[in-house]
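Going down the list, the protein sequences come from chains A and B. End of the first sequence = 509 in UniProt numbering, gap-free, step of one. End of the second sequence = 143 in UniProt numbering, gap-free, step of one.
Hints are computed from structural coordinates only; laboratory data are not their basis. All C-beta atoms in this analysis are idealised placements derived from N, C-alpha and C, irrespective of residue type, glycine included. Don't take every hint at face value.
As the list claims (entries may be wrong) - Heads up, simulated DSBU-like pairs for lysine-lysine below, C-alpha to C-alpha not over 35 angstroms straight-line:
id, chain 1, residue 1, chain 2, residue 2
1, A, Lys-252, A, Lys-288
2, A, Lys-105, A, Lys-139
3, A, Lys-432, B, Lys-56
4, A, Lys-298, A, Lys-105
5, B, Lys-36, A, Lys-432
Said to hold, decoys possible - Stretches of chain B that chain A covers, calculated by requiring three or more beta carbons in the stretch to come under 8 angstroms of a beta carbon on chain A:
id, region
6, 50 to 61
7, 94 to 103
Each chain is listed here by its residues.
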Amino acid sequence: METLSSLADGFAIAITWQNMLLALLGCFLGTVMGALPGLGPSNGVAILIPLAFTLGLGATPSLILLTSVYYGAMYGGRISSILLNIPGDEPAMMTCLDGYPMAQKGQAGEALAISGIASFVGSFFATWGLIFLAPQLVKIALLFGPAEYFALFALAFATLGGVSSTNQAKSAFAAALGLGLAMIGVDTQTGVPRFTFGEVHLYDGLDFLVAIVGLFALSEVFIFLEHRHGNADAADKKITIGRLTPPMSMIKQCTPTMLRSTFLGFLAGVLPGAGASLGSFISYSMEKKLVDKGTFGKGDPRGVAAPEAGNNAAAGGALVPMLALGVPGSGTTAVLLAVLLSLNITPGPLLFTQNPDVVWGLIAALFIANFMLLAMNIPMVGLFTRILMVPPKVLMPVVAMVSFVGIYGISGSTFDLQVMIGFGLLGWVLRKFDVPLVPIILGTLLGNAMESNMRRAITIDDGNWGTLVDSPLALGLWAIAIIGFILPVLVGKMIKSKMRRDDESSLSD
Amino acid sequence: MSDRIFGVVGLLLAAFYIWAALIIEESFLSDAVGPKAFPIIIACVLALASIVIALKPDPEPVWPSLGRLAEILAAAVVMFLYSMLLPEIGFIFATIFAASYLAWRLGSTFIGSVLTGVGTSVGIYVIFHLVLGLSLARGPFGF
């Protein structure tokens, strides 16, 4: 009951003109960014953070804007999957499998509508899950001391590569690189400069926003330049949508699918290192095992509903560890963590007691955004399909310039812009080598907190390093971290190759 | 082969990082751990990961041709120039220049790229500066 009254307070905070407008704007921008291939949820949120920050929005309004973008991108990704067979973002990959065949049969409108409903069901129940699960997790997190936090951070890095990672060594490399970059600047505990090499600009450390925008947004621009991919993928295809209302029988047929997928997706989202892509993958595979009678992959509406409910539920689930522990489980939630940190809010158990307005306002806004998205994504979906016609040769210069404007707006410093270009090039090179970028971001975000927790734990215990593995809780976390790191080496290859095979078979049709 | 080179570069980076950590001047007021320990642990992880990458390389990535590589470097140089020009000639002109260049290199026609450049620049100026009040770089003419 206490939870429900907090939620009611949250609605009181969220329902103001400013917040409603921001949610609407966020939903719209998010859907657009999700729909456009080349701009996914993490890029989209990354570009908008500096803007939200420089516009002087408060904590709750900024978070409402950016999480609406996050939820919106999860909805938008399906549009180009269904219409063009090109996933708008990574989690929407599985939607191609049945969405595109439906579109070829002239049922594009129905596929968009049923996937919109599935997205709604997924996010709606996942947000309820967030409400009930996060406070429970907070109770556990309150038992954590510095040593446990250090282990928890290690766990986050160990599992971030996740089961879909191809090469754990490269994930570890990325995490170490990110942590190493975070060390640059004046040491917070003793006041000595580290790794600055006399450069005054570096004394403050590297701004993680600069790193995020460079790695995510600018490297995307470089990728497009490399392939000189300037024309819209939609340019030479005729898009016909057809009727936008799915028949009742189709909704009925899909309801059990949606509910099962929501549950699985939410679970995948909460677990560290899984995220939305895995959520949509396991939901689809599960449904295929359960109800397939040879129609999956040939335009079965349940094959559209399952991954969409799954990835939206996972998006909601991924917010649980981010808000309750301050440790994100996926790429986009890592970027959302950057939002919180740049607003001087430390996520974690204390967030719920110290800033309940932020948490519950955000959760209430998620409910409202979800209804807005449903309204936007079914009747107005035609508008978004037209956005697919915007060619990258127009879009990418805009993305680059908006990134520059955002970063310049924060600091007004040319040096930061140059560092950002450096990160853009670095991001391009690392993507070529298949090195994941998310651990780098997480490293720059959490590096200082991780170090200070380690040093605090050891200092409290008079310089005894053994204190890091002294309590059963810490030992448990380390065990999960080690298993989480090693397991993908064994199981990951199997899942990854299956994911790829499913994807290829869809393209060969 | 690429991964082997990558691993060796990573290893050199780790060595450099350890050296840079060792020359940190410690303050006379220090905690039990000091400012060097954690960076050195990280560098060890970096080194281990690099060794594994070098010993067990992934399939070769698809490298672009030399021309494409030059394309990317040229774009980076243009962006770098943009950052230098921004405080000199102001937001509008610098942005027209940089956005037009990018649009041109992505395959727009001459007129198309100029239009993209002007549209991007003026659009951002109107939305972010005039409507939202974000401060942008000012040039000699005040914009």
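Structure-based check of each hint:
Between Lys-252/A and Lys-288/A the CA atoms are separated by roughly 18 angstroms; this keeps the pair inside 35 angstroms, and the hint holds. For the proposed pair Lys-105/A and Lys-139/A, the alpha carbon gap of about 51 angstroms is over 35 angstroms, so the pair is violated. For the given pair, Lys-432/A sits about 17 angstroms from Lys-56/B by alpha-carbon distance, which is consistent with the 35 angstroms threshold. With a C-alpha separation of about 9 angstroms, the suggested pairing of Lys-298/A with Lys-105/A holds against the 35 angstroms cut-off.
This hinted pair checks out: Lys-36/B and Lys-432/A have alpha carbons roughly 32 angstroms apart, not beyond 35 angstroms. Counting residues of the region 50 to 61 of chain B whose CB lies closer than 8 angstroms to any CB of chain A gives 6, which reaches the minimum of 3, so the coverage claim holds. Counting residues of the region 94 to 103 of chain B whose C-beta sits closer than 8 angstroms to any C-beta of chain A gives 6, which meets the bar of three, so the coverage hint holds.
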